[in-house]
Structure formats: C-alpha cells, structure tokens
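J.: The residues making up each chain are set out below.
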Amino acid sequence: MTAPTPIPTLDRRDVLAVLFPKPDDYLFISGLAGSARDTAGLTGDRANLFAMAGTMGAAVPMGLGLALSAPEARVAVITGDGEMLMNVGVLATVATLAPQNLSIVCIDNGCHGETGGQPGHTAMNTDLALMAKGAGLASTMTANTADDLAEGAKFLIEAAAPRLLVLRVTAGPPTAFVRNLDPAECRLRFRQATLSGG
Amino acid sequence: MSKPDKNDWPARLFDDLIEGGVTLFTHVPDSGNAKLIELANSHNQAQTVLLTSEEEGVAICAGADLVGKRAILCMQSSGVGNCPNFLSLVKGGRFPVLMMISMRGDYGEQNPWQYPMGQAVEPILHAMGVLTFRVDTADDLKPATNATLTAVFGGGHGAALILSQKFLGAKPFPKAAPAPKTP
Numbered sequence: 045m046t047a048p049t050p051i052p053t054l055d056r057r058d059v060l061a062v063l064f065p066k067p068d069d070y071l072f073i074s075g076l077a078g079s080a081r082d083t084a085g086l087t088g089d090r091a092n093l094f095a096m097a098g099t100m101g102a103a104v105p106m107g108l109g110l111a112l113s114a115p116e117a118r119v120a121v122i123t124g125d126g127e128m129l130m131n132v133g134v135l136a137t138v139a140t141l142a143p144q145n146l147s148i149v150c151i152d153n154g155c156h157g158e159t160g161g162q163p164g165h166t167a168m169n170t171d172l173a174l175m176a177k178g179a180g181l182a183s184t185m186t187a188n189t190a191d192d193l194a195e196g197a198k199f200l201i202e203a204a205a206p207r208l209l210v211l212r213v214t215a216g217p218p219t220a221f222v223r224n225l226d227p228a229e230c231r232l233r234f235r236q237a238t239l240s241g242g
Numbered sequence: 123m124s125k126p127d128k129n130d131w132p133a134r135l136f137d138d139l140i141e142g143g144v145t146l147f148t149h150v151p152d153s154g155n156a157k158l159i160e161l162a163n164s165h166n167q168a169q170t171v172l173l174t175s176e177e178e179g180v181a182i183c184a185g186a187d188l189v190g191k192r193a194i195l196c197m198q199s200s201g202v203g204n205c206p207n208f209l210s211l212v213k214g215g216r217f218p219v220l221m222m223i224s225m226r227g228d229y230g231e232q233n234p235w236q237y238p239m240g241q242a243v244e245p246i247l248h249a250m251g252v253l254t255f256r257v258d259t260a261d262d263l264k265p266a267t268n269a270t271l272t273a274v275f276g277g278g279h280g281a282a283l284i285l286s287q288k289f290l291g292a293k294p295f296p297k298a299a300p301a302p303k304t305p
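Those protein sequences? They're chains A and B, same order as listed.
Residues in the first sequence are numbered from 45 upward in steps of one, following my numbering.
Residues in the second sequence are numbered from 123 upward in steps of one, following my numbering.
Any given hint could be a false lead.
On the chain B side, residues computed to face chain A include the following (Cβ under 7 Å) [to be verified]:
(1) D138
(2) T174
(3) N207
(4) G214
No lab work stands behind these hints, which were simulated from the structure alone.
Just so you know, even glycine gets a beta-carbon here, dropped at the ideal spot from N, CA and C.
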C-alpha cells in the first residue's frame, strides 16, 4: 500500500521566484506554454533565457546540450509534466552524461493547461520523480506544499546533480507575461550575452 | 575505381569534423556511425552522447550552439523520422544543426521495412529547411563533408551529410529458405 498522493497547494505563479531568488546566476531553458511564461516572468525575458513556443519535448535535451557545453554555468530547465512525458527517454541520456551543473524543474499541474486543461497522466497514476529516479538521475524530489518548496530551493543547490524537482501545482493559469516569440532573435540575444562573457 | 576503404573513411571524416570544431558527438548507434563514435570516444577533445531518440540530438546541438559550441547528430536514416518537429529550431530559430545520416532503404536494401523512411529522408529534411549533401563514392566524402560544415557553421543552415548505401554497402541478409519442392 502506498500513501495517498497529497493534494497540491502550490500556485505555479509563485514557485520559481522562491527557487531562484537570483535568476541572473543561471542560464535557463524553458519548455513551451505555461513553463515559458512562468520563466519569462521570473527573468523578465532577459537574454539568459531561451524559451520554447513549440518543439514540445525539446527543453530537457536543449538544457543538456547547454550544460555539457558550458560546464562552468549553472543551467536550469523549466518544463511541464506534458512536455516531460513527451520525451521522457532523455532522462536516461541526462543520467548517463550526468552533468554536474544541470537542474530540471518540472511544473506538474496534472493537465494540459495550454489546450484547455485536459487531464494528463500525472493526474492519474504516473509519478515523474519516480520515473527520473528509474532513469538514474542522481537526485529527485517532489514538492506539494510551501514547506516542500523551501526544501526544494535547498535541493537545487545541495542535492547531487543532475537533479529533478517536480512541483505539483494547482491547475490555475501561468504567469501573465508577454514574451518574445521569435526564436531566431532569442537565440542571438542568448549567444551575444554568453559569448561576450556578459 | 573509387571504392571506399572501409577501414579508413571514418578516420578521415572524424579528422575533418574535429578540424571543423565539432566537439560533441550525439548519436543513436548504427553500424554506419560505429567507428566514428569509437574515434570520438577515444579523443580527448571530443565527447559522445548516447541518445534514446534522434530528436534529442537536434535539441542538444541547439543547446550547444547557444554558447558557441559545435555538435553533430549521427543517426541512421530511420531516425530522421523522429526529428521533424524539433527541426523547427533550424527553420524558425536559425540554429546551425549538423547531421550525419547513414542510409538504409536506398541502394541494394534487402529489408522492406527500411524503404519507406529511407526514401523519405531527403523530402523530410528539405521540408524542414535542412540542406543535404550526398556521399555515393569515396571521392565524394571530403568535398561533401566540407560543403556540409560550410553550410552549417559558415552559412548558418541546418545541413546533413548523407552516406548512401552505394558508399557504405548494403547490409547483407541471409537468403530466405527455398520454397519446398512440390512432388
């Protein structure tokens, strides 16, 4: 018998600011839709974020490529439960390469928020942290409450990498933030900032 | 005669890729890229990444580019079918994604399952804005490699070096048992 899954209480619009009090210390890759809006809200859509608005499933492998190529930088991928499940095999790739500078934060609202809130697998029987543990990630954690979230902030700094933090959030709207949707512009600004050492 | 030297071409290709600044070798294993990946594994400037699905390699190449590093995605032709959505990064984001594709389902293929994707490789890549440079003979290899590297890192395109079965040789299959003789 497993314990019943706790009801999520976290509002997705509040969580990233607790986890990343100094967003300039990181290079961010975010997946599409709500994850992108929450992350753009956190960073002010600055050059240290490349946010997807398509290519569902690409956030974790892009973050992996970035982490392997910039070992001195701290890299955080912000994604959602639907996106993680679309390309869940990449967790094995991450575990094998084991970059010491990569954190993955999955905002798990248990539904496909962007397309009308249709229930997803994590609202049923699927546990992403367990899947990541099975893939071989060094550290995994699930946060359901504000207390958990404070622990999560420590986890992102102290736990062995690569690490996955699953944030179980209520099914409310993401941060209201209008970000740059031109991927070519966002690529160039990211490169200009990182390649000039700025 | 321009028959490829089976023992030699991966080393020449690897040297050209290293000289072109490629350091991250992402791949789904295939007999056509096995030696290249072995060479990358034993080179101190190179790192290999074993993928679970080819599309990961597209995104990893893009992530490397964000900090000015050069990566390649090595895969069999069937893997191209796993990539199109992520190739939006090439056409929309102008990420310079480099690929090496070892063909099945073209010249001399004996496995009928390989033909649909083999024949769709170039149409799919072209539809997603990826240029293709074919290698049919050993003499094609170096100029096609240079053309691919130039298109990607000089021209800012997605481009694929395509190693055909004319160049690689077709995978041999055992002959089917002969039909029983009717008395």
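J.: Hint by hint, where does the structure go against what was stated? Just the numbers, ascending.
T.: Number 1 only.
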